[in-house]
Amino acid sequence: MNYIEFKGWVDSEESKLIVPADWKVLAPPACINPSYLEWVFRWSFHLTSDNKYIRIWERYDKIPKMVAMTRRIAFAFHYGPLVRFEGGGGPAIDALGTPRYEAADPVDIRIDTCSKGMEAHLHYQKQNPHYSQTQVSGLDLSTLDIFTFLRAIIKHRANGIPLDRVLGFRIP
Amino acid sequence: MPIQEILVGLPELETLIQGLEQKYGFSTTAFYTERESCLDQMEEDDIFRWDMYVSQRRELRRVNDEVKNDYLSTLKFQNSEGKSPTPEDQVLLAA
Numbered sequence: 001m002n003y004i005e006f007k008g009w010v011d012s013e014e015s016k017l018i019v020p021a022d023w024k025v026l027a028p029p030a031c032i033n034p035s036y037l038e039w040v041f042r043w044s045f046h047l048t049s050d051n052k053y054i055r056i057w058e059r060y061d062k063i064p065k066m067v068a069m070t071r072r073i074a075f076a077f078h079y080g081p082l083v084r085f086e087g088g089g090g091p092a093i094d095a096l097g098t099p100r101y102e103a104a105d106p107v108d109i110r111i112d113t114c115s116k117g118m119e120a121h122l123h124y125q126k127q128n129p130h131y132s133q134t135q136v137s138g139l140d141l142s143t144l145d146i147f148t149f150l151r152a153i154i155k156h157r158a159n160g161i162p163l164d165r166v167l168g169f170r171i172p
Numbered sequence: 001m002p003i004q005e006i007l008v009g010l011p012e013l014e015t016l017i018q019g020l021e022q023k024y025g026f027s028t029t030a031f032y033t034e035r036e037s038c039l040d041q042m043e044e045d046d047i048f049r050w051d052m053y054v055s056q057r058r059e060l061r062r063v064n065d066e067v068k069n070d071y072l073s074t075l076k077f078q079n080s081e082g083k084s085p086t087p088e089d090q091v092l093l094a095a
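Just so you know, the protein sequences line up as chains A and B, in that order.
Numbering (our numbering) for the first sequence: 1 to 172.
Numbering (our numbering) for the second sequence: 1 to 95.
Looking at chain B on its own, in the form it has when it is part of the complex (with noise of 0.2 Å):
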């Protein structure tokens, strides 16, 4: 039986740490600042669930950070050549 691959995107991690944010009435902050007293109130499987979440969000993050600045130097090599941004570059730019 070939290992699997399930891609978990960014909105549901954030549903998915919001969830264990509700259960346990502490911040995803506190949990790692006050990790002592967090830990105590927690579910063996939930400090798992949590520490991975939030190890996969960083790494979303800076997978999306690297792809839009790579795209956002593309569009300014294009710019020192002379050529005005396009409106729909402006949007991106923006965004």
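With the rest of the complex left out, here is chain A (with noise of 0.2 Å):
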């Protein structure tokens, strides 16, 4: 995938995601200086209902000794309750535009690559254990991409379903 696929693809399945009334765009989705093969982008929604947030990070790079192809390297999807506010109320956000996260922050689900090895983990519920792939069945982590992860948190909240059971995965 190159950066004009990549928007186009977003483009599109964006159109298609019915985004519940109480879901506030905090960060608009955007590329911080893309090129045709490097690019990050990042989206945020604040969840004002009941003060949760989502957060959408990822990073392409050129796949190396390649031409002209890319691939993503690194990202963190996260979902989970605001903890830090600004004197006006609203989330503390950061460079990125979104809500700060600590180590110690309460977290629904969190898929990310932030660790050594950048290798692919799931946070469940709470902040450790992390779940390695090789812990966690029923969901390839590494390819999970941001219109699935957004399209079962909207489940899951419309419908109470546990995010195992929307996402498919299970943990020991």
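If a hint is listed, it holds; no wrong ones were tucked in.
So, partial list: chain A residues that the calculated Cβ filter (under 10 Å) puts toward chain B:
{"hint": "1", "residue": "P29"}
{"hint": "2", "residue": "N33"}
{"hint": "3", "residue": "R42"}
{"hint": "4", "residue": "W57"}
It should be emphasised that the hints constitute simulated quantities derived from the structure, not laboratory data.
Note that the Cβ used here is the ideal one computed from N, Cα and C, for glycine as well.
These two chains come separately, so use the hints to put the complex back together.
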């Protein structure tokens, strides 16, 4: 996938997404310093009915020794309670326009590559443990895409179905 | 909602990288060469941020060098035809 294809895919999927009324866009979908083969994508929502948030970060880069080919090399999909607020009451956000998150913060689900080895891993309902792919069955963490994640959160919040059932994973 | 494009320049990236270096007390070089021990001390999001800022700085520097070299090669071409560089050209070459 290159940047043009990525933008086309996001535009197409985003137009099909039915966002619930209590989802307020906190940081609109944006690419930071995009070039044809390298870009960072960010998007976040404030779920105002219960002060939770969703944060999407992805980083794409060239595949070494390959011509004009790129792949996602890092990502962090996060859903959980907001715990930091600014003076005016809005969520405290960082330079990327997304809520700040620290290791002690509560989390509903987080799937990310931010660790040694940059391997995708899962946090579910609490920070620890970090479940590696070898401990998770039924879901390929490394290929989970933005819209599968967002639709899972929508379904979970609409019907109360636990996220492990919505996403189809099992952990020890 | 169309995807926006946000351009972050080299000075801003330098500031963001310095902010992370100050926060954790180690350099960007250490972040890559002593990665295991550095990552142990870091918030997960900051790992993503640091890698991103450094990668984007590298790409912007590469593009800057490319533009500069293209421009300098144009100046050389003019000189080879016997035209002396102007004072302005000399300032640009020195830069």
